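J.: Take a look at the letters that make up each chain.
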Amino acid sequence: MLFQPAIIALMLASGLAALLVLASVPFAWTVVRRWNLADGSEAQLRMERRTYLVATLLKIVMAAELAALVLFVFNADRMATLFTGAMCAVGTLKVDPWGFPTLYLKLAVFFLAGCWLVLDHVDNRGWDYPLIRVKYAALILLAPVLVGSAVVQGAYFMGLRADVITSCCSTLFSGGGVTVTSNSVASLPHGLALSLLAGSLAAVLASGAVVLRWRRCGWLHALLSVAAFVIGMSAIISTISVYVYEMPHHHCPFCILKREYGHIGYALYVPLFVGTVCGLGAGIAGWAGRRPSLSTMAPLVARSLAAWSVGGYALFGLVALWLIERSHLILFEVVP
Amino acid sequence: MPVWLNRQRALLDFALSSLGRRLGKTLGLAVVYTLIVAVLASVMLFSHAIRREAAQVLAGTPELLVQRLVAGRHDMIPAERLDAIRAVRGVKSAEGRLWGYLFDPAAAANYTLMVPADRVVEAGSAVVGSGVADVRGVAVGDLMSFRAHDGNLVQFRIKDVIDNDSALVSADLFLVSETDFRRLFGVPADRFTDIVVAVRNPREVRTVAEKIDAALPDTRIILRDEILRTYESVFDWREGILLVLLVGAILAFAIFAWDKASGLSAEEKREIGILKAVGWETSDVIRLKAMEGTVVSLGAFLAGYLLAYLHVFHWGAALFAPVLKGWAVMYPEFQLTPFVDELQVATLFFFTVFPYTLATVVPIWRAATVDPDQVMR
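In order, the protein sequence lines correspond to chains A and B. Heads up: the first sequence begins at 485 in our numbering, then just goes up one per residue. Heads up: the second sequence begins at 773 in our numbering, then just goes up one per residue.
To be clear, the hints were calculated from the coordinates, so they are not data collected in a lab. Since the model is a prediction, treat every value here as computed from it, not as a measurement. Each residue gets a CB set at the ideal place from its N, CA and C atoms; glycine is no exception. Keep in mind that the hints are not guaranteed to be accurate.
[Stated by the list, open to error] A few chain B residues facing chain A, derived, Cβ under 10 Å:
{"#": "1", "residue": "ALA920"}
{"#": "2", "residue": "ARG1001"}
{"#": "3", "residue": "SER1005"}
{"#": "4", "residue": "TRP1009"}
{"#": "5", "residue": "ILE1013"}
{"#": "6", "residue": "LEU1047"}
{"#": "7", "residue": "GLY1088"}
{"#": "8", "residue": "LEU1108"}
{"#": "9", "residue": "THR1109"}
{"#": "10", "residue": "PRO1110"}
{"#": "11", "residue": "VAL1112"}
{"#": "12", "residue": "GLN1116"}
{"#": "13", "residue": "PHE1123"}
[Unchecked claim] 20 Å max Cα-Cα, derived SDA-like pairs, lysine to any residue:
{"#": "14", "chain 1": "B", "residue 1": "LYS797", "chain 2": "B", "residue 2": "ALA1026"}
{"#": "15", "chain 1": "A", "residue 1": "LYS543", "chain 2": "B", "residue 2": "ALA1139"}
{"#": "16", "chain 1": "A", "residue 1": "LYS543", "chain 2": "B", "residue 2": "ASP935"}
{"#": "17", "chain 1": "A", "residue 1": "LYS543", "chain 2": "B", "residue 2": "ARG1138"}
{"#": "18", "chain 1": "A", "residue 1": "LYS742", "chain 2": "B", "residue 2": "LEU1060"}
{"#": "19", "chain 1": "A", "residue 1": "LYS742", "chain 2": "B", "residue 2": "MET916"}
{"#": "20", "chain 1": "A", "residue 1": "LYS543", "chain 2": "B", "residue 2": "MET916"}
{"#": "21", "chain 1": "B", "residue 1": "LYS1041", "chain 2": "A", "residue 2": "ARG534"}
{"#": "22", "chain 1": "A", "residue 1": "LYS543", "chain 2": "B", "residue 2": "ARG1059"}
{"#": "23", "chain 1": "A", "residue 1": "LYS543", "chain 2": "B", "residue 2": "TRP776"}
{"#": "24", "chain 1": "B", "residue 1": "LYS931", "chain 2": "B", "residue 2": "MET916"}
{"#": "25", "chain 1": "B", "residue 1": "LYS1041", "chain 2": "A", "residue 2": "LYS742"}
{"#": "26", "chain 1": "A", "residue 1": "LYS543", "chain 2": "B", "residue 2": "LEU1060"}
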C-alpha cells in the first residue's frame, strides 16, 4: 500500500462510514418491524429517541461520502505522477483491477446517499414520520453498497504499487506499462452525441418546469434526470472533451479536471451531478407527497429540488455550449 | 432562502453566546483542537514544500543519465561510449561527467567532488560550498589538502565560496579541475563517472533511452522523471508514516472531545431543558449543538493551519525536520518556499473535523433528548 495522506484519509472516512452504517442496521431492522407511533411503550419511546441519533450520524456519514468522491478523483489525478505511463486519473485507476470498480461504487454511493438524505429530509417534514419504515428499509439496502465500496476501495489501495521506487537499482523499463484507452462510448458519433444531449436536456428541463409550475410528474423528472446523466457523461467522453483538448482522438473524461485545462471539468461535472441528484430527489419528494401528512410539505420540497435540478442542467448545458463555442476545433462544417 | 438564512443566523448567534457563557471549557477544547490541526498540518505543509523544492532542483537537470555497470556495480564509463550515444537520433548532446565523494577525516564529513561543466576551475584551486567552508572554517585564499589515491598530498587554494542561496544543492560541493580530479582518484584520462544526455524532444526521452539501452547493454539508464517519482514516493511515505503515528493523537483527541461534550454541567442541562420547555424540538437542539461544534471546528482549523504555516515557513519546522528531511553532517540550511495545496487542505479536513464531528454526535444526542421536567425539577 502507498502511505499517501489522502489515501489514509479516504480509508479512514470510508472505514468509519461503513462501520457506523453497519452498526445502525440492527436498529433499522427493529424500526422496520416494530415501529408504531400509536404505541406509548418505553421501547417505542426509546426507539423514537434513537432515530435522532441514527439520523444525525447518517447525515454526517452521507455528507462525508459525497465529499470523499471528489477527494478520490482529485487524488487519483494527483497520484498519476507516481506510476509509469499514467498521465491522469485513468492511469492511476488502471494500475490495479479494483480501481474502476471503486470509482463506480463511489458513484453509486454518491447517488444513493443523496437520495437517502432527501428521504430523510422529507420524512422530518411530516408530524407522524410517514416514511420512517421506507427510510430504514432503504438504509438496510444501502449498507451493503457502502460496506462494499469501503472494502473494494481498501483492496484497490492495498494493491497499489509504485514499482518505480527501485528504479535506481533496476534498468529503466518496469514493464507492464499502463495503457490509456478509451472505451466504446468514445466512438459515439459526434453529431448523434450532441443531438441526444440537446434532446435529453430539453426534455429534463421541460419536465422540471412541469414540476415547478404544476407540482406534479416528479417521477418523470427523476427518470429523465437519470437519462440525462447517462447521455451527458457519454457526450462529455465522446465529444465535449474532444472540443476541450482540441484533438479529435483524445476522449479522456479525467484530463479535463487537470490544471492544464483550468480545472474546467469541475464546471461540467458539478452541475451535472447536482442536477441529477436533485432530479432524483424531486422524484422521491413528489412520490412522498401522496402520504396525507406530507401532502402540503413534500410538493414544496420537490419544487425546490426541481429548481436546483433545472439550474444544474441549465448550467451544464451552458458550460458545454461555451466550451464548444470557444474551441478552435471544427467537427462540423456547414457547406454553403 | 432568506427564511433559511435568517434561521441559521439566529442559531449561530445563539451558539456563539452559549459558547461565550462557558468560555473556559470552550477555550480548553479549542486549544487542544488547534494544536492537533497544527501538528498534522505542519507535517503536510513541510513534506509538500520539500517535494516541490526537489522538483524544482531536478527541473534543471538533464533528461537522461547513463552509467556503466560491472557485475551489478557502478563503474567508470569509457569515453568512446560518448560517440555511440551521440550517434542515436534525437540526442542533442552527451557529456561525460566527473564526480565522486571524498571523506575528509578532519571534518568527519563527506564532500561531493565535482568537475563543473559550466565554469572553469584552474588546476590547484577549488570552489567550495558554504557547508564545506563552515565545517572546515576556511575562506577564500586558504589552503586545503587531501591525500590522493597513491598517498601523495594534493593541495587546493580556495578561490571562491558558493553563496547560500543554492545551499540545498551546493552545501557539500567541492569543485576542482579535471586534472586535479584525475590525479586525486587515479581516474584514467579516457574514463568518466557517468554521461548526461540531453534529448531534443521531451516526448522522445523514452525512445532514446531504449535505443541507448540497446546500443550499450552494459549500462543502466536513469530518467529524470524516475528520480522525481522516487523523491515523490519517499516523501509521501515519510509523511504517511508520521500521519499514521499521529492517528493515536487523533484518537486521543476524539476521546477528549467526546468527554468534553458529554460532561454537561447542571447549568447546561437546565438550559437545554428550558429550551425544550419553551418549544424547541430535539432536532433544533441537535442543530444548535452542531452549530457550536462547527464554530469551534472552523476556528480551530483556521488557527491550527495558520500556526502550522508559521511553524514550517518561518520557524524552520523545528519539530519534524529531522524525521522528514533526513540528516547529514553538513545538512544545508534552507528556507522553504511557502505553498498551500488544495488537496492537502481537504485531506487535513478529513483527518481532523470528521473524527471530531463523529465523536461529539452521541454526547450531543444524549444532551438533546433529555426530558425537560427531569432537569428543571
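J.: Just to be careful, I want the Cα atoms of LYS543/A and ARG1059/B compared with a cutoff of 20 Å; is the pair within it?
T.: holds (12 Å)
J.: Within 20 Å, alpha carbon to alpha carbon, are LYS1041/B and ARG534/A?
T.: Holds: LYS1041/B and ARG534/A sit about 19 Å apart, inside 20 Å.
J.: With 10 Å as the cut and Cβ atoms as the points, is SER1005/B at the interface with chain A?
T.: holds (5 Å)
J.: Just to be careful, I want the Cα atoms of LYS543/A and TRP776/B compared with a cutoff of 20 Å; is the pair within it?
T.: holds (19 Å)
J.: LYS797/B and ALA1026/B: Cα distance at most 20 Å?
T.: holds (16 Å)
J.: Is the shortest C-beta separation between PHE1123/B and chain A less than 10 Å?
T.: holds (6 Å)
J.: When the nearest CB of chain A is found for THR1109/B, is that gap smaller than 10 Å?
T.: Nearest chain A Cβ about 18 Å off; hint violated.
J.: A closest beta-carbon separation below 10 Å is what the hint needs, so does VAL1112/B meet it against chain A?
T.: violated (14 Å)
J.: Hint validation: ARG1001/B versus chain A, beta carbon distance must be below 10 Å. Holds or violated?
T.: Result: holds, 5 Å to nearest chain A Cβ.
J.: Starting from LYS543/A, check that the Cα of ASP935/B is at most 20 Å away, please.
T.: Cα-Cα ~57 Å, so violated.
J.: Should the hint that GLN1116/B touches chain A count as held when the rule is a Cβ pair under 10 Å?
T.: The hint holds - GLN1116/B has a Cβ within 10 Å of chain A, the shortest such distance being about 7 Å.
J.: Verify the proposed pairing of LYS543/A with LEU1060/B, using a straight-line Cα cut of 20 Å.
T.: At roughly 15 Å apart (the allowed maximum being 20 Å), LEU1060/B and LYS543/A satisfy the hint.
Going through the hint list in order, the structure does not satisfy hints 1, 6, 7, 8, 9, 10, 11, 16, 18, 19, 20, 25.
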